[in-house]
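163 is the number that numbering that gives the first Met the number 0 gives the last residue of the sequence shown; the numbers go up by one with no jumps.
Hints may be right or wrong, so weigh each one.
Stated by the list, open to error - The following label-pair restraints were derived from C-beta to C-beta distances:
hint : residue 1 : residue 2 : range
1    : N74       : H54       : 20 to 26 Å
2    : N119      : Q93       : 33 to 39 Å
3    : T68       : N137      : 36 to 42 Å
4    : S63       : T123      : 28 to 34 Å
5    : T80       : N102      : 39 to 45 Å
6    : T153      : S83       : 21 to 27 Å
7    : S112      : Q85       : 33 to 39 Å
8    : T150      : N49       : 29 to 35 Å
9    : Q138      : K41       : 29 to 35 Å
10   : G139      : H54       : 20 to 26 Å
Calculated directly from the structure, the hints in this document are not laboratory data.
Backbone N, C-alpha and C fix where the C-beta goes; we use that ideal spot for every residue, glycine too.
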Amino acid sequence: MKVQSAKCGVYVLSGLGAVIVFFLLLLKNSAFFLEEEYDQNKPEAALAVNEHTYHLHKGSINWSNGRSTTKKEINVYDLYTYISQQKSIPLQQQQLVKLHFSNLDGAYIRSVSVHIWRDNGEKTKLFVKNNEFKVPKNQGLYVVDIAINSTRGTMQYAANVQIQ
Numbered sequence: 000m001k002v003q004s005a006k007c008g009v010y011v012l013s014g015l016g017a018v019i020v021f022f023l024l025l026l027k028n029s030a031f032f033l034e035e036e037y038d039q040n041k042p043e044a045a046l047a048v049n050e051h052t053y054h055l056h057k058g059s060i061n062w063s064n065g066r067s068t069t070k071k072e073i074n075v076y077d078l079y080t081y082i083s084q085q086k087s088i089p090l091q092q093q094q095l096v097k098l099h100f101s102n103l104d105g106a107y108i109r110s111v112s113v114h115i116w117r118d119n120g121e122k123t124k125l126f127v128k129n130n131e132f133k134v135p136k137n138q139g140l141y142v143v144d145i146a147i148n149s150t151r152g153t154m155q156y157a158a159n160v161q162i163q
C-alpha cells in the first residue's frame, strides 16, 4: 500500500510539475509576444520615391505610448557606420522624396528634420515641407538622417542613398 501511495505521489508531483512548466512556458511566450507587439507599435518611417517605398532603419528613440517610455540612444557615428554598409536606395539628382510615417499611436508630428551625411563626414540640412524634401544635385553615396519631434517623443531614422 505504501508503494502505491508513493506511485500516486509521484504522479501528482509529475502532474504538478507539468502544470508549472506549462505556466512558465505560457508566461515566457506571452512576454515574448507582448515585447514583439510593443516593438511593432513604435513609429515606422519610409521614403516614397516614384512608385517605390523604402522602409527606414530606426536610430535613437525617446518615445512614450502613455503606459511606458522607450529610450535608446545611438551614437551618430555608430549609426552612420551601420547605415553606410546597408543596401543603398537609388535616387536621382534634385528628385522630390516623400516621407511616410505610420504607427504613430495618435501622436502629432511637430517637426521633421532631414540631414545628409557624405562619406567625408560633411553634414547638410535639407529643407522639408509637407514631409517632402529635394535630393541634392551632387552625385554620390550619402546617409540620410531623419528626425521627428512629436507629442509622444522623438524618433530618428536613417537610410543609405545613392544619388545618380
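Status of each hint after checking the structure:
1. For N74 paired with H54, a C-beta distance near 22 Å keeps the hint of 20 to 26 Å intact.
2. Between N119 and Q93 the CB atoms are about 22 Å apart, so this pair departs from the stated range of 33 to 39 Å.
3. Taken as a hint, the range 36 to 42 Å holds for the pair T68 and N137, whose Cβ atoms sit roughly 39 Å apart.
4. The hinted range of 28 to 34 Å is satisfied by S63 and T123, whose Cβ atoms lie roughly 31 Å apart.
5. For T80 paired with N102, a C-beta distance near 27 Å fails the hint of 39 to 45 Å.
6. At about 23 Å, the beta-carbon gap between T153 and S83 stays in the expected band of 21 to 27 Å.
7. The given range of 33 to 39 Å is broken by S112 and Q85, whose C-beta atoms sit roughly 21 Å from each other.
8. Taking the beta carbon of each, T150 and N49 are about 32 Å apart, inside 29 to 35 Å as hinted.
9. About 34 Å separates the C-beta atoms of Q138 and K41, a value consistent with the hinted range of 29 to 35 Å.
10. For the pair G139 and H54, the supplied restraint of 20 to 26 Å holds, since their beta-carbon distance comes to about 23 Å.
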